[in-house]
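**Q** So the sequence lines, in the order shown, correspond to chains A and B.
Residues in the first sequence are numbered consecutively from 1, following full-length UniProt numbering.
Residues in the second sequence are numbered consecutively from 1, following full-length UniProt numbering.
Simulated from the structure, these hints should not be mistaken for lab results.
Being a predicted model, the structure only gives us computed values, none of them experimental.
Be a bit skeptical, because a hint or two may be false.
[Stated by the list, open to error] The calculated lysine-lysine pairs, modelled on DSSO-like cross-linking and capped at a C-alpha distance of 30 angstroms, are:
(1) B:Lys156 - A:Lys228
(2) B:Lys211 - B:Lys30
(3) A:Lys200 - A:Lys156
(4) B:Lys181 - A:Lys156
(5) B:Lys89 - B:Lys75
(6) B:Lys89 - A:Lys137
(7) B:Lys75 - B:Lys85
(8) B:Lys75 - B:Lys30
(9) B:Lys85 - B:Lys156
(10) B:Lys88 - B:Lys14
(11) B:Lys156 - A:Lys181
(12) A:Lys198 - A:Lys215
(13) B:Lys89 - B:Lys14
(14) A:Lys156 - B:Lys228
(15) A:Lys156 - B:Lys156
(16) A:Lys156 - A:Lys30
(17) B:Lys137 - B:Lys14
(18) B:Lys30 - A:Lys75
(19) B:Lys30 - B:Lys14
(20) A:Lys181 - B:Lys228
(21) B:Lys200 - B:Lys88
(22) B:Lys88 - A:Lys156
(23) B:Lys3 - B:Lys14
(24) B:Lys200 - B:Lys3
(25) B:Lys181 - A:Lys228
(26) B:Lys228 - A:Lys228
(27) A:Lys181 - A:Lys89
(28) B:Lys200 - B:Lys215
(29) A:Lys14 - B:Lys75
(30) A:Lys228 - A:Lys215
[What the hints assert, rightly or not] Quick look at which bits of chain B chain A covers, simulated, 3 or more residues with Cβ under 8 angstroms:
(31) 48 to 60
(32) 73 to 82
Every residue, glycine too, gets a C-beta built ideally from N, C-alpha and C.
There are 2 protein chains.
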Amino acid sequence: GRKVLIVYAHQEPKSFNGSLKNVAVEELSKQGCSVTVSDLYAMQFEPRATRNDIVGFLHNSEEFNYGVETWEAYKRGGLSNDVVKEQKKVQEADLLLFQFPLYWFSMPAIMKGWVDRVLVRGFAHEFPNCYDSGLLKNKLALFSFTTGGSEEMYTKGAINGDIRYLLWPMQHGIMHFCGVKVLAPHVCFAPEYVPEEKRKEMLIAWAQRLKTLWKEEPINCSPEWYFK
Amino acid sequence: GRKVLIVYAHQEPKSFNGSLKNVAVEELSKQGCSVTVSDLYAMQFEPRATRNDIVGFLHNSEEFNYGVETWEAYKRGGLSNDVVKEQKKVQEADLLLFQFPLYWFSMPAIMKGWVDRVLVRGFAHEFPNCYDSGLLKNKLALFSFTTGGSEEMYTKGAINGDIRYLLWPMQHGIMHFCGVKVLAPHVCFAPEYVPEEKRKEMLIAWAQRLKTLWKEEPINCSPEWYFK
Chain A
1 GRKVLIVYAH QEPKSFNGSL KNVAVEELSK QGCSVTVSDL YAMQFEPRAT
51 RNDIVGFLHN SEEFNYGVET WEAYKRGGLS NDVVKEQKKV QEADLLLFQF
101 PLYWFSMPAI MKGWVDRVLV RGFAHEFPNC YDSGLLKNKL ALFSFTTGGS
151 EEMYTKGAIN GDIRYLLWPM QHGIMHFCGV KVLAPHVCFA PEYVPEEKRK
201 EMLIAWAQRL KTLWKEEPIN CSPEWYFK
Chain B
1 GRKVLIVYAH QEPKSFNGSL KNVAVEELSK QGCSVTVSDL YAMQFEPRAT
51 RNDIVGFLHN SEEFNYGVET WEAYKRGGLS NDVVKEQKKV QEADLLLFQF
101 PLYWFSMPAI MKGWVDRVLV RGFAHEFPNC YDSGLLKNKL ALFSFTTGGS
151 EEMYTKGAIN GDIRYLLWPM QHGIMHFCGV KVLAPHVCFA PEYVPEEKRK
201 EMLIAWAQRL KTLWKEEPIN CSPEWYFK
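Okay, chain A solo, but in the shape it has when bound (with noise of 0.2 angstroms):
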């Protein structure tokens, strides 16, 4: 059974993005996989990267830079717990899903902060081992988000642009950076402002995608894929 990493960044577990993260865990589970969430309001999780997450000494006491001391923390096994059993997550999973609704063009910054913590250097890249060598490579991502706005304001015209304009920093930037491929997102559009019955159909179309997953090939994640 393949292992998936779930990734869920809302308050409210009644919320739409709750359900959407509870559909995907019920169609994996289903299909065998190993299905673990970091809820990570839940967790309270920390979002801020410092000194904290070093235990211990120093690297360079004088002058702290965060990406020195958390490779060098890497490297002896010097991480904060936290971070440590986010790492072991990721490292177990095949597939990472990260659920969230879009704030501000990105992901809320609950879900930045996992994302700065976490994937330190040492652990999924460091140089020349990053994009197609990165060190999580042979793992699968997929952003699954709801918009505030509707699919026509997403497009390439319109004044919020295309909506794959805002993914190149989260699919290229954060996991194939990190030697992650990645999947074509799942977007569910102003769930907000439509009638319950379209809701019902988002969850029903989610589940329906998630039964062929594995079959799906992930995108060229290049810059023709977003900006062409």
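For chain A, the structure is supplied; the task is to place chain B on it using the hints.
**A** Relative to the frame of chain A, chain B by itself:
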């Protein structure tokens, strides 16, 4: 004298980001500007968008919706004190200057949390008052940041893509959405990997740019600028 709010995210005062921030404070003060710094790590600024941001009762305590609750709380003066303080600083500022190290093609989580929590609906935008008619119109913004990668790595044909690709969510999705006009970004590429002499030149160039900052024209914040 013009008013500047510097939103600053670095853990280490002695860092190159710290120096860039200090240069801005000195140069702008010398010009007679009134400069305020929100030093996010020093403030231990809370990045998580939670129920704690609303003082007192909720509009709908059955199902927590952060966007709705903060909007309602804003209208009745019921946002948490740390958010209100930042909103006052934003309200008074003519220029919002963001100073940070690029983390994963974006801002550090602590700064994203500032955006998520401070730029509340009703305060910074309220449909149809978004983009050119956003509620923070007549203000300017400038993103000043450092990278790990070199300038060559952030060009069109190179692996990281054009640096402008990753500016879309920040400059357009956040600032333009609120009606703020965006000045050209100020990027210091790979300060950790260049000689001390080159770093000094970068600080001088920044001070130099600031001398004529108020004469600059904002960029044309449309897809052409980013993806042409």
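**Q** Indicate, hint by hint, whether the structure satisfies it.
**A** Checked hints:
no. : hint                : result
1   : B:Lys156 - A:Lys228 : holds, 13 angstroms
2   : B:Lys211 - B:Lys30  : holds, 10 angstroms
3   : A:Lys200 - A:Lys156 : holds, 28 angstroms
4   : B:Lys181 - A:Lys156 : holds, 21 angstroms
5   : B:Lys89 - B:Lys75   : holds, 18 angstroms
6   : B:Lys89 - A:Lys137  : violated, 44 angstroms
7   : B:Lys75 - B:Lys85   : holds, 15 angstroms
8   : B:Lys75 - B:Lys30   : violated, 38 angstroms
9   : B:Lys85 - B:Lys156  : violated, 40 angstroms
10  : B:Lys88 - B:Lys14   : holds, 28 angstroms
11  : B:Lys156 - A:Lys181 : holds, 21 angstroms
12  : A:Lys198 - A:Lys215 : holds, 27 angstroms
13  : B:Lys89 - B:Lys14   : holds, 25 angstroms
14  : A:Lys156 - B:Lys228 : holds, 13 angstroms
15  : A:Lys156 - B:Lys156 : holds, 20 angstroms
16  : A:Lys156 - A:Lys30  : violated, 38 angstroms
17  : B:Lys137 - B:Lys14  : violated, 34 angstroms
18  : B:Lys30 - A:Lys75   : violated, 46 angstroms
19  : B:Lys30 - B:Lys14   : holds, 22 angstroms
20  : A:Lys181 - B:Lys228 : holds, 27 angstroms
21  : B:Lys200 - B:Lys88  : violated, 34 angstroms
22  : B:Lys88 - A:Lys156  : violated, 35 angstroms
23  : B:Lys3 - B:Lys14    : holds, 25 angstroms
24  : B:Lys200 - B:Lys3   : holds, 27 angstroms
25  : B:Lys181 - A:Lys228 : holds, 27 angstroms
26  : B:Lys228 - A:Lys228 : holds, 10 angstroms
27  : A:Lys181 - A:Lys89  : holds, 17 angstroms
28  : B:Lys200 - B:Lys215 : holds, 25 angstroms
29  : A:Lys14 - B:Lys75   : holds, 25 angstroms
30  : A:Lys228 - A:Lys215 : holds, 25 angstroms
31  : 48 to 60            : holds (count 4)
32  : 73 to 82            : violated (count 0)
Checked against the numbered hints given earlier, this structure breaks hints 6, 8, 9, 16, 17, 18, 21, 22 and 32; the rest are met.
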